[in-house]
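Enquirer: Turn these sequences into a full structure, and let the hints guide you.
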Amino acid sequence: MKIYVGIDDTDSIEQGATGQSANQLIKLIENQRWGSCQGLTRHQLLLHPDIAYTSHNSSMCFTADIEAIYLNSLIEEAGKFLERDSAPGSDPGLCVVAAEQLQGAEELIAYGYETKKRIVTKEEAYTLARKLGVHLSEHGGTGLGVIGALAGVGLRMTNNDGRFQGRLKIKKPGATISVAEIKSSSPVDRVQSVDGYVLQENEEVRLGEKLKTVLLDGMRNLLVYRRESGREWETCTNAHLENY
Amino acid sequence: MDFWIKNERGQAQFKGGRHDWPQASAIAAGCLHFSLDDEDELVAEEERSCYNCRYRRWTEHSFICMKR
Ligand code: SF4
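Line by line, the protein sequences are chains A and B.
Just so we're on the same page, my numbering is the position in the first sequence counted from 1, plus 26.
Just so we're on the same page, my numbering is the position in the second sequence counted from 1, plus 4.
These are computed hints drawn from the structure, not numbers from a lab.
No residue lacks a Cβ here, since even glycine has one placed at the ideal position from N, Cα and C.
Heads up, a few of these hints could be off.
Some, not all, of what chain A presents toward chain B, calculated at C-beta under 7 Å [as the list claims (entries may be wrong)]: (1) Q70; (2) L73; (3) D76; (4) N269.
Computed cross-link-like contacts, BS3-like style, restricted to lysine-lysine with a CA-CA straight-line distance of at most 30 Å [said to hold, decoys possible]: (5) B:K71 / A:K143; (6) B:K19 / A:K106; (7) B:K19 / A:K143; (8) A:K148 / B:K71; (9) A:K142 / B:K10; (10) A:K236 / B:K71; (11) A:K209 / B:K10; (12) A:K106 / A:K142; (13) A:K236 / B:K10; (14) A:K157 / B:K10; (15) A:K28 / A:K209.
Expert: This is the structure:
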């Protein structure tokens, strides 16, 4: 069965990062041989002075294919992991959604978008989770991480939000290679310009320092741009990707 | 020149917004508190920048320094 796992607020100002926690959780699931996990994405939520985020208010989500019999063990162990390994003073939340059991994905997606626009309360998150029958739990501190954990899953389900965690390692910065080679030597599904042009297999791209990918149309996209005077496609910088 | 403004909560908010790369890098170069944030949260190309610092807390249009 396909599941979505969302976590949030496992860090404190001095310690930890939710992306690292998610990666450890992925290892835990795979080491237990409960199934295999796919692409970890980071989803930006609202930046507002009244929200108690550490420094960026983002949430993390990954998908996994697991045997249904392991679902309860996974939820239990993931909760224990968050309690044990999150930074002191953090407010971790966990959301686990079994795709095939979910009725009302649109509501979850709408909730995800809401968390980008307005302050959502913990009660709202729990009310929706109960209504949809999805797992949502808190594992320390104020437990406010449940808001983002649920939102991370909703936003991942849009297939059009967030950046993938980590960077690609293809060739050295400055190398120019074809789209076909990028796709055959990395998890990239598509190479697309910032204004939506999908590059052909034989087109060439100059690689920058840090290669990050984003989730668009359900695919892992490497975004590229052309300098004003330039003809060459170049991979986007972090600054280009700040709105993803 | 002072690059900070006190917000209504008394916190130090960067006046340069989210894209003053040279200034954010210049401040971090002289800051003893600078600590590189997690890889996924880096925004500036030059590593040492307030924009890449663990102690910057993003706001809608800029950031607050949690160490000032
Ligand atoms: S954000 Fe604050 S602590 Fe970090 S480098 Fe800038 S001034 Fe220093």
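Enquirer: Would you pick out the hints that fail for this structure and give their numbers low to high?
Expert: Going through the list in order, the structure violates hints 1, 3, 4, 6, 11, 13 and 14 and respects the others.
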